[in-house]
Amino acid sequence: EAQVTQNPRYLITVTGKKLTVTCSQNMNHEYMSWYRQDPGLGLRQIYYSMNVEVTDKGDVPEGYKVSRKEKRNFPLILESPSPNQTSLYFCASRDRGYSPLHFGNGTRLTVT
Amino acid sequence: DQQVKQNSPSLSVQEGRISILNCDYTNSMFDYFLWYKKYPAEGPTFLISISSIKDKNEDGRFTVFLNKSAKHLSLHIVPSQPGDSAVYFCAASARTGRRALTFGSGTRLQVQP
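Going down the list, the sequences are from chains A and B.
Using our numbering, the final residue of the first sequence is 112, and nothing's skipped along the way.
Using our numbering, the final residue of the second sequence is 1113, and nothing's skipped along the way.
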């Protein structure tokens, strides 16, 4: 089954404790991206990757890092999480050109 | 400044009637528009899209209309079914290298049996 898999689904952590949210896709997509969803703001892009070893900032990159060492994986790293990063996070991937994004089921992160 | 706006946070319709969800945008560089549906505890799923060279696209019960002069698009669901109850996001992308999707804030649709 074609899918984007994120882990964990739920995560509660404390300020400053580094964490990684994993994302993997099995559709051989070159493009992958991370979004966060906040009430009243819709989904906002954090980082994206056009291909292996090619990553770039989205609209809200502050406080996040990503890496793309393999085509299928695109982890999101929070080196020093803060409470304003409490949010619902989605990983997504798509094929080239005018193709819709396929989303994972989300990771709900709470930073206390 | 939100470039994609969904001004109705919620909408309630009766089963069998038409649901009309609206979306406005401000960026004239947007050339591809999509609607996503989202159920609780799941990621958004793609519903239907339209290119700026068209003004209408239809897929079964779902039709998207694009009015470029008004920078407005709408999603029509006919007939509405209880299973359509979800949050609907409008999204747009511009003809730039990043082709990121810019999302609206969503409209929660409730279809009453």
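No lab work stands behind these hints, which were simulated from the structure alone.
Don't take each hint at face value.
[As the list claims (entries may be wrong)] Which bits of chain B does chain A cover? Going by a derived footprint, with three or more residues having C-beta under 8 angstroms, they are: (1) 1061-1067; (2) 1106-1113.
[As the list claims (entries may be wrong)] Keeping only pairs whose Cα atoms sit at most 25 angstroms apart, straight-line, the calculated SDA-like set for lysine to any residue is: (3) B:K1054 to A:P100; (4) A:K69 to A:P83; (5) B:K1056 to B:R1017; (6) B:K1005 to A:P61; (7) B:K1037 to A:Q45; (8) B:K1037 to A:E79; (9) B:K1037 to A:R9; (10) A:K57 to B:H1076; (11) A:K57 to B:I1018; (12) B:K1054 to B:G1083; (13) A:K65 to A:Q3; (14) A:K57 to B:R1095; (15) B:K1005 to A:R68; (16) B:K1054 to B:P1040; (17) B:K1071 to B:P1040; (18) B:K1068 to A:N105; (19) A:K17 to A:S99; (20) A:K57 to B:Q1003; (21) A:K18 to A:S99; (22) B:K1037 to A:K69; (23) A:K57 to A:E1; (24) B:K1054 to A:S99; (25) B:K1071 to B:D1001.
Don't be surprised by glycine CBs; every beta carbon is placed ideally from N, CA and C.
Structure-based check of all given hints:
Given as covered by chain A, the stretch 1061-1067 of chain B fails the check, having 0 residues with a CB less than 8 angstroms from a CB of that chain where 3 are the minimum. For the stretch 1106-1113 of chain B, the stated coverage by chain A is not satisfied: 1 residues place a CB nearer than 8 angstroms to a CB of that chain, which falls below the threshold of 3. With a C-alpha separation of about 17 angstroms, the suggested pair K1054 of chain B and P100 of chain A falls inside the 25 angstroms cut-off, and the hint holds. At most 25 angstroms may separate the alpha-carbon atoms for a hinted pair to count; K69 of chain A and P83 of chain A exceed this at roughly 29 angstroms.
Our distance criterion of 25 angstroms between C-alpha atoms is met by K1056 of chain B and R1017 of chain B, whose separation comes to about 20 angstroms. For the hint linking K1005 of chain B to P61 of chain A, the alpha-carbon distance of about 22 angstroms falls within 25 angstroms, and the restraint holds. Distance restraint check for K1037 of chain B and Q45 of chain A: the Cα-Cα separation of roughly 18 angstroms lies within the 25 angstroms cut-off, and the hinted pair is therefore satisfied. Using a Cα cut-off of 25 angstroms, the hinted pair K1037 of chain B and E79 of chain A is violated, with the two alpha carbons roughly 32 angstroms apart.
Of the pairs offered as hints, the one joining K1037 of chain B and R9 of chain A holds, with about 19 angstroms between alpha carbons and a cut-off of 25 angstroms not exceeded. Taking the CA atoms of K57 of chain A and H1076 of chain B, the gap is about 34 angstroms. The hint is violated against a cut of 25 angstroms. Restraint check for K57 of chain A and I1018 of chain B: not satisfied, since their Cα atoms lie roughly 40 angstroms apart, outside the 25 angstroms limit. This hinted pair does not check out: K1054 of chain B and G1083 of chain B have alpha carbons roughly 28 angstroms apart, beyond 25 angstroms.
For a cut-off of 25 angstroms, the pair hint linking K65 of chain A to Q3 of chain A stands: about 23 angstroms separates their Cα positions. A distance of roughly 17 angstroms separates the Cα atoms of K57 of chain A and R1095 of chain B; the hinted pair therefore holds under the 25 angstroms criterion. In summary, the hint linking K1005 of chain B to R68 of chain A is not supported, as the alpha carbons are separated by about 32 angstroms, beyond the 25 angstroms threshold. Distance restraint check for K1054 of chain B and P1040 of chain B: the Cα-Cα separation of roughly 32 angstroms exceeds the 25 angstroms cut-off, and the hinted pair is therefore not satisfied.
A hinted pair counts as satisfied when its Cα atoms are at most 25 angstroms apart, and K1071 of chain B with P1040 of chain B does not qualify at roughly 30 angstroms. With a CA separation close to 33 angstroms, the supplied pair K1068 of chain B and N105 of chain A exceeds the 25 angstroms bound. With a C-alpha separation of about 36 angstroms, the suggested pairing of K17 of chain A with S99 of chain A is violated against the 25 angstroms cut-off. For the given pair, K57 of chain A sits about 18 angstroms from Q1003 of chain B by alpha-carbon distance, which is consistent with the 25 angstroms threshold.
A distance of roughly 34 angstroms separates the Cα atoms of K18 of chain A and S99 of chain A; the hinted pair therefore is violated under the 25 angstroms criterion. A threshold of 25 angstroms between alpha carbons decides the hint, and for K1037 of chain B with K69 of chain A the separation of about 31 angstroms lies outside it, so the pair is violated. Between the alpha carbons of K57 of chain A and E1 of chain A the distance comes to roughly 30 angstroms, so the proposed pair goes past 25 angstroms and is violated. With a CA separation close to 16 angstroms, the supplied pair K1054 of chain B and S99 of chain A stays within the 25 angstroms bound.
Between K1071 of chain B and D1001 of chain B the alpha-carbon distance is near 16 angstroms, which keeps this suggested pair within the 25 angstroms criterion.
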